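J.: For reference, the chains in residue letters:
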Amino acid sequence: MKRTFRKGGIHPPEHKELTEWKAIEVLPPPPLLYIPLSQHTGAPASLKVSPGDSVAMGALIGEASGYVSANVHASVSGKVKEIVKRQNHLGAFTDYVVIENDGRDLWAEGRNSSRAYEHLTPDEIRNIIFEAGIVGMGGAAFPTHVKLNPPKEKKIDALIINGSECEPYLTCDHRLMIEKASNVATGILLLKKALGVDKVIIGIEENKFDAYSKMRAIFLSDPSVSVVLLKVKYPEGAEKQLISALLNREVPSGGLPMDVGVVVQNVGTAYATYEAVVMGRPLVERVVTVSGDGVKKKGNYLIRIGTPIQYILEACGVEDGIKKIIMGGPMMGVAISDKMLPVVKGTSGILVMKGAASYEERECVRCGRCIDACPMGLEPTAIARAVKNCEREAYIDLHPMDCMECGSCAYVCPARIELVQYIKQAKLEVIKARQKN
Amino acid sequence: MLVPPIMILGGLGLLFGGGLYFFSRLFHVEQDPRLEEILSALPGANCGACGFPGCSGLASALLEGKAEASACLVGGEEVALRIAKILGVEVKVREKQVAVLRCRGSVVERRFDYTGIKTCMAAHALAGGDLACPWGCLRYGDCVLACPFGAIKMIGGFPWVDEAKCTGCGNCVKACPRGLFILELLQKTVHVLCRSREKAKDVLKVCKVGCIACGKCVEACKFNAIHVNNYIAEIDYEKCTSCGACAKVCPTHAILNFRGERKERGILPSPKRNTKESVLSQTSEGME
Chain U
1 MKRTFRKGGI
11 HPPEHKELTE
21 WKAIEVLPPP
31 PLLYIPLSQH
41 TGAPASLKVS
51 PGDSVAMGAL
61 IGEASGYVSA
71 NVHASVSGKV
81 KEIVKRQNHL
91 GAFTDYVVIE
101 NDGRDLWAEG
111 RNSSRAYEHL
121 TPDEIRNIIF
131 EAGIVGMGGA
141 AFPTHVKLNP
151 PKEKKIDALI
161 INGSECEPYL
171 TCDHRLMIEK
181 ASNVATGILL
191 LKKALGVDKV
201 IIGIEENKFD
211 AYSKMRAIFL
221 SDPSVSVVLL
231 KVKYPEGAEK
241 QLISALLNRE
251 VPSGGLPMDV
261 GVVVQNVGTA
271 YATYEAVVMG
281 RPLVERVVTV
291 SGDGVKKKGN
301 YLIRIGTPIQ
311 YILEACGVED
321 GIKKIIMGGP
331 MMGVAISDKM
341 LPVVKGTSGI
351 LVMKGAASYE
361 ERECVRCGRC
371 IDACPMGLEP
381 TAIARAVKNC
391 EREAYIDLHP
401 MDCMECGSCA
411 YVCPARIELV
421 QYIKQAKLEV
431 IKARQKN
Chain H
1 MLVPPIMILG
11 GLGLLFGGGL
21 YFFSRLFHVE
31 QDPRLEEILS
41 ALPGANCGAC
51 GFPGCSGLAS
61 ALLEGKAEAS
71 ACLVGGEEVA
81 LRIAKILGVE
91 VKVREKQVAV
101 LRCRGSVVER
111 RFDYTGIKTC
121 MAAHALAGGD
131 LACPWGCLRY
141 GDCVLACPFG
151 AIKMIGGFPW
161 VDEAKCTGCG
171 NCVKACPRGL
181 FILELLQKTV
191 HVLCRSREKA
201 KDVLKVCKVG
211 CIACGKCVEA
221 CKFNAIHVNN
231 YIAEIDYEKC
241 TSCGACAKVC
251 PTHAILNFRG
261 ERKERGILPS
271 PKRNTKESVL
281 SQTSEGME
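Protein chains in written order, with this note's numbering: chain U, 1 to 437; chain H, 1 to 288.
Keep in mind the hints are simulated off the structure, nothing from the lab.
Keep in mind that this is a model prediction, so the values were computed, not measured.
Where a beta carbon is used, it is the ideal one built from N, C-alpha and C, also for glycine.
Mixed in with the good hints, there may be bad ones.
[Said to hold, decoys possible] Derived lysine-lysine pairs resembling BS3-like cross-links, with alpha carbons at most 30 Å apart:
#1 324(U) - 205(H)
#2 436(U) - 201(H)
#3 118(H) - 427(U)
#4 79(U) - 165(H)
#5 165(H) - 2(U)
#6 339(U) - 96(H)
#7 208(H) - 339(U)
#8 96(H) - 85(U)
#9 201(H) - 432(U)
[As the list claims (entries may be wrong)] To give a feel for the contact side, a few chain U residues facing chain H, derived at Cβ under 10 Å:
#10 154
#11 322
#12 354
#13 368
#14 371
#15 372
#16 388
#17 414
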């Protein structure tokens, strides 16, 4: 029997067929790039350039300002036009470095030169990853070097590579695994070495059988790496669900995967690691799935970090009457209001929708489907009710902080209650209460 | 025939009655009689503004000496004096504070169609809110829900603070995700009704009455009580004398003087304040 996680989960329409067979295309960089200094979880990078400076591709423009932070590099060569403060897709004010592209793509000194990687020590690999500003490419954008350096008291015995890509529409990881299979594999082995574990499990959902057979063929002779086919179920790509599916371990409430001896990395992160360690290229571009019924040329594109969405939409062509643009997948992504927002390190997809369903919220019918669907075993309806009734004391017992906002509950709710938003609000209140104490 | 049931029921009644009497004596809890008195003196809104869990929490804290007699922000001096009388302590009366919403609400334009739940907090958490001004009032009325005294009303879709009803509990200050409310003394009548940290050009794009950080108010102030930092004028209420000179020169009318309005409604205390003793005698007369 194929494995999957135990609690909850849903089966939304996949729509992966739209871009599944489209090979990765390179999108030429735009004339103006907006590179935010805060693209990752943690402290924003500190500015290293000033307006008027000329920068080479891969040059450091923002330096990590703390342990949980990441470097930011120029993704084209050109001139820094200005530094602007704008709201990012989550509404937080962030500094953007605006770079005028000179079109020459000149790499900075020492970058883009391949290196002998076989004899690098784990510390050296970690350092290169930190230097290259690599963050989790699945969407959460957590700095990778932090994940690879767990505290001494946590014994890590397994590295899980997340190739499940459970979000509908998105196919960027799928294409990476097919087209860059050997590079991804090298990246995986580098991550394994950096972490110092002897067990690697690659989890791939069965709707990507071609990727599975490719990865399996590569690792057939390596007994330490197992490639596992998973049943299709959303949200399988969430860390805790993947650990449950592959190792049958449960991450404690409020804990991290390292509490059960596991580190999870995305396929995209493995590829970025290969690029950084072997090819000497910092994280300046990523594969983004551009899809949805509002796009003419759907596909998987290699896009420079900082490319405004407006430019991508012009290049791919949009149909008339689009209603919604989503950054990320349809389940966990964020609808954006500003087309000048750029692609960042954590952007896995850009979805353009012609229809934007808007439902009126009805009263809860107590069917309990949200409870069945919740992969974390929470009671979304109870949390929503507590929020509506302002019962702040009730939140704590309902553990809203365990929610990862996968949206399964809101997807199945027949009363169309915006459960995730209510839970988000409960989370905000809990955080507020914690800060006070 | 009736005698045995009467005997049995009567006997059981006596037995349980006796038991209740005995146990209530055995487990008798000594309670300070002043607790009831204090509880009846407190407003009973359980708003939590004092920092204790409800009025009963404050009452026991008062008895234990953990709180000042004037701890009830809501009751103001009347309640403080009554409590001081019950406890037999001196009290420093706090002056009445009111909440002021620092936005004039001229922005109605929305950046996008927001279809989520209709609370300010949720709207603000999604991409910083749908309002064209990223600093202004979102108008979903979290403050209205938060106010335990019904002092905030939605008038024309915009919250309005009824200063006569406002007790200064500060629940709206906590509820507003954009931090637009401020608690200030009723006598401080001049306020900057804008929180936008945008540059003048960006403010004027969306709002005609926002602070454009021109600095005219700074020049006009004789008391060095108003400063422009981060593109927003801010009043130092310690120094401010509420003369209103800044409000007169503000080109966008972002600074307003509430003196006239408050006087008209009769909620502004007259400059010659009653002495503590006279208030005390008034309130105690009122009680009797």
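J.: Confirm or reject each hint.
T.: Consistency of the hints with the structure:
no.: 1; hint: 324(U) - 205(H); verdict: holds (24 Å)
no.: 2; hint: 436(U) - 201(H); verdict: violated (37 Å)
no.: 3; hint: 118(H) - 427(U); verdict: holds (17 Å)
no.: 4; hint: 79(U) - 165(H); verdict: violated (58 Å)
no.: 5; hint: 165(H) - 2(U); verdict: violated (65 Å)
no.: 6; hint: 339(U) - 96(H); verdict: violated (48 Å)
no.: 7; hint: 208(H) - 339(U); verdict: holds (26 Å)
no.: 8; hint: 96(H) - 85(U); verdict: violated (40 Å)
no.: 9; hint: 201(H) - 432(U); verdict: violated (34 Å)
no.: 10; hint: 154; verdict: violated (32 Å)
no.: 11; hint: 322; verdict: violated (13 Å)
no.: 12; hint: 354; verdict: violated (15 Å)
no.: 13; hint: 368; verdict: violated (21 Å)
no.: 14; hint: 371; verdict: violated (20 Å)
no.: 15; hint: 372; verdict: violated (22 Å)
no.: 16; hint: 388; verdict: holds (9 Å)
no.: 17; hint: 414; verdict: violated (17 Å)
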